[in-house]
Amino acid sequence: MQQIAIVAFSQSDCLARAGAANEVELIMPQLQAVYAQVGIDNAQDVDFVCSGSCDYLQGAAFAFVAGVDALGAVPPIKESHVEMDAAWALYEAVLKIRMGHADSALLYGFAKSSSGELPIVLSQQLDPYYLAPLWVDTVSLAALQARLLLESGLASERDMAEVVARSRRNALDNPHARLSGSVSVDELLAEDLFVSPLRRADCAPVADGAAAMIICTVEKAREWGVPYALLSGIDHRIETHNLGMRDLTDSVSTRLAARAAGVEDGPVEVAELYAPFSHQEIILSRALELGDDTRVNPSGGVFAGNLMMASGLSRVGEVFRRIAAGEIRRGVAHATSGPCLQHNLVAVLESAS
Amino acid sequence: MADTADTITGIECPVYLQYHFTAGRAPARFLTRIKEGVLSGQRCPRCSNVYIPPRGSCPACGVPTEEEVELPDKGTVQSFTVVAIPIPNNPIKPPFVVANLVLDGANISFIHLLSECENSEVRIGQRVQAVWKPREEWGYAMDNIRYFRPIDEPDVPVAQIGKLPVTGREG
Amino acid sequence: MSTLAAVVGIGQTQYKTRRGDVSIAGLVREAAVNALQDAGLEWDDIEAVILGKAPDMFEGVIMPESYLTDALGCNGKPMLRVHTAGSVGGSTALVAASHVQSGSFKRVLTVTFEKQSESNAMWALSTPQPFSVHLNAGAGGYFAPIIREYMRRSGAPRDVGIKVAVKDRLHGARNPLAHLQLPNITMQEVEESMMLWDPLRFLEACPSSDGACAMVIAAEELVHESPKPPAWIRGVAMRSEPTMYAGRDEVNPQAGRDCAADVYRQAGITDPRRDLDCAEVYVPFSWYEPMWLENLGFAAQGEGWKLTMAGATSLDEGGDIPWNCSGGVLSSNPIGASGMIRFAEAARQVRGDAGAHQVPGAKLALGHAYGGGAQFFAMWVVGADKP
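Residue numbers (my numbering), protein chains in the order written: chain A, 3 to 355; chain B, 1093 to 1263; chain C, 68 to 454.
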């Protein structure tokens, strides 16, 4: 099967509000950045383009159509879109390259979720007959999951606070972070409860912005003459929507995806996990069977800023950056979608040398 | 079991979500100018085509557009339809004409109403001009222009629609 | 090189204005179960599910793949959600095919749907935005001026659209799943129907339907496990261009021409009218048949309407290149599924399984979908013979 190389990645600053900028204006700087990294001019110079976004976050149908205006799609291009995080756009593009219909692909994800009340908006992702009419927001659902985790004895509130403290500390080195700093676990634990047992700090700060990536065949990467990371495995799994039927303290779909992606075939030096709530990082680390020798979310993860529809792709991008820079040789990236980690994608990245 | 006649197959369940919509930097600039009664487009630095209303990029070249170009309120009918059904929450009575119009100096059409004319006499290439609302009613909106109406100028040959200079027919 | 793949199962629902008898989950499951049955398979035989639909606002369910996981037997499997506007049904089929053609999966299920009756589609498409005038006269209001420009260019007589409207409804009357059943429709009836967006009349526009369509796509090595003849995927292509740009040809979009050239090259087609036996083409407004006949290379520029008027695209008139034998989008339009129905109906034809709307001996067929402002295109060519 065709080997896939990741050759470029860029993400915007995580902004609480992107102000006046529209989709095109959010996307374009990231596209220009990845073009520059491989030395191409525009989307005409890649064989396939795929994006990830969600209409409801912006509150307008066909939000992604405007995104095409950022590409320079004249003459017409091969282009597709997933109503998911752009990590799944990456997945679609991988299939395209494997089948021999593209040697290179541009991916991007974007959202301006500050336009609406995200936790409420996402409540309409639930079963429309039984759950959505209850308007159960995403924070409350995550809180139910956190409660189960605490009661099961698998984690403590202190463990959750440690995730937050470490993430914020790591984010000090992340120039795009919305939130970073040194805060002690005790300080975090002293904060008021928000949606019990979650404190505000346990919820990753949502951000507006965009991210873009270029992938290609290894031959193409050599032709471009840029450092690259090999995407040695990628898989994703979904599990039942019925929360009552899931063991919410575990992530079975992450385990399945990790096995299929080959996580266990080598050491995991870095893991970038898309955990929008602190307790979910604990669940994911266990599902991925990460040991003490793995650095989790050295970028600060989404606690530096949760770019909706792009955070999954950004996790892959963060691992790519470290491999391309020669910092590490092997890492794992993860993306999630749906309430309480319903749908998970796992990618394994390796150094080419 | 209830009678089949009484079986409920659906309930009304309205969903209200509130958004603070932002148009984008370029459209916001356009809307600011139109509040002053000025039609302002943007020129692509690469292909030199002028877009109005601007969206901040040239869709053909995929590059940001920044140079502003002030355009007249005269233009040409690129195509049109006569709409026979009412638009929800709109006082305009059918049948009315919706046209794709290109302003002089612009290279792309936008949609607006055409009025003060016989619907049967509207044609591709016809020259038109904006009829503005009274100045005190102007807001940040495209409908500061109430509609366009035909003007007494010769039709534009089809091949030249979308290619006229800002000076219009005589330029 | 890509792995050889084929459609081994097709399932559709009844298309109608309102499917009050089923939930959204029930609707997609109906199509999926029909596809599995057609393929002689069980849920466990499916490795991944690829779901497509038009904007979430049509039903008011955000990212419905999350909620539909259970109805589609996807627990523990990969599930991908595609959304490329009106072309999505076609794009979804292509993304599903790529799962197999990439060698990554042996057998996948793909499903598309729309349950327009559960929300107000007109409203969903017209949330007010400040920089455009609120003239949301619907899709017809957008496409009517483009049709008028086609009429000007081609000099086509005004009854071409009427002829297509009748032809596709007569085709639809042969298809028991079609939403509109108008076996006695006449040219006069269409002509006298209300003019909505001049030159488009009520009966020249598509209906609004509930419905779902599903297919099972398998790798060559598993094709024999399904009892019916396969439809081999001979070519796949998609193209996009911006909604508006200076100099864009909206009547004959380059994205459509390029997409067709790409899919024909893969399938070894040099003259589509001669080489293809039939086509299922996305024609939501009658005039799009002559326009797409030209865009897809079945006729020279300005000549598409002559094929229509000569009956070349009519099954009833014994035409040499029947278009939309199922009745097409003009007979059934569950938006998100409409493109996939085109792809699936093309496959039914080459499997010899199209019932009363079968083109005798069809071996090679085109499935086509478009969306947005006629800017997103998806196409495939399927054949009875293994390439």
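A few of these clues could be false.
Computed footprint of chain A on chain C; a stretch qualifies when at least three of its residues, placed anywhere within it, have a C-beta under 8 Å from a C-beta of chain A [to be verified]:
(1) 116-128
(2) 165-177
(3) 348-359
(4) 405-417
With a Cα cut of at most 20 Å, we get these calculated DMTMM-like pairs of lysine to aspartate or glutamate [said to hold, decoys possible]:
(5) K1185(B) to D338(C)
(6) K1255(B) to D316(C)
(7) K373(C) to D387(C)
(8) K373(C) to E384(C)
(9) K373(C) to D329(C)
Quick look at which bits of chain A chain B covers, simulated, 3 or more residues with Cβ under 8 Å [to be verified]:
(10) 26-36
(11) 72-83
(12) 119-128
In short, the hints are calculated from the structure, not lab data. In this text, a Cβ means the ideal position worked out from N, Cα and C, and glycines have one as well.
Status of each hint after checking the structure:
1. 116-128: holds (count 6)
2. 165-177: holds (count 6)
3. 348-359: Three-residue rule not met by the region 348-359 of chain C, so violated; n is 0.
4. 405-417: Check failed, 0 qualifying residues.
5. K1185(B) to D338(C): Given pair K1185(B), D338(C) is violated - Cα atoms ~48 Å apart, limit 20 Å.
6. K1255(B) to D316(C): Given pair K1255(B), D316(C) holds - Cα atoms ~14 Å apart, limit 20 Å.
7. K373(C) to D387(C): holds (13 Å)
8. K373(C) to E384(C): The hint holds at about 14 Å.
9. K373(C) to D329(C): violated (25 Å)
10. 26-36: Since three or more residues must qualify, the claim that chain B covers the region 26-36 of chain A holds, with 4 doing so at under 8 Å.
11. 72-83: holds (count 5)
12. 119-128: holds (count 4)
In this structure, the earlier hints numbered 3, 4, 5 and 9 are contradicted, and the remaining ones agree with it.
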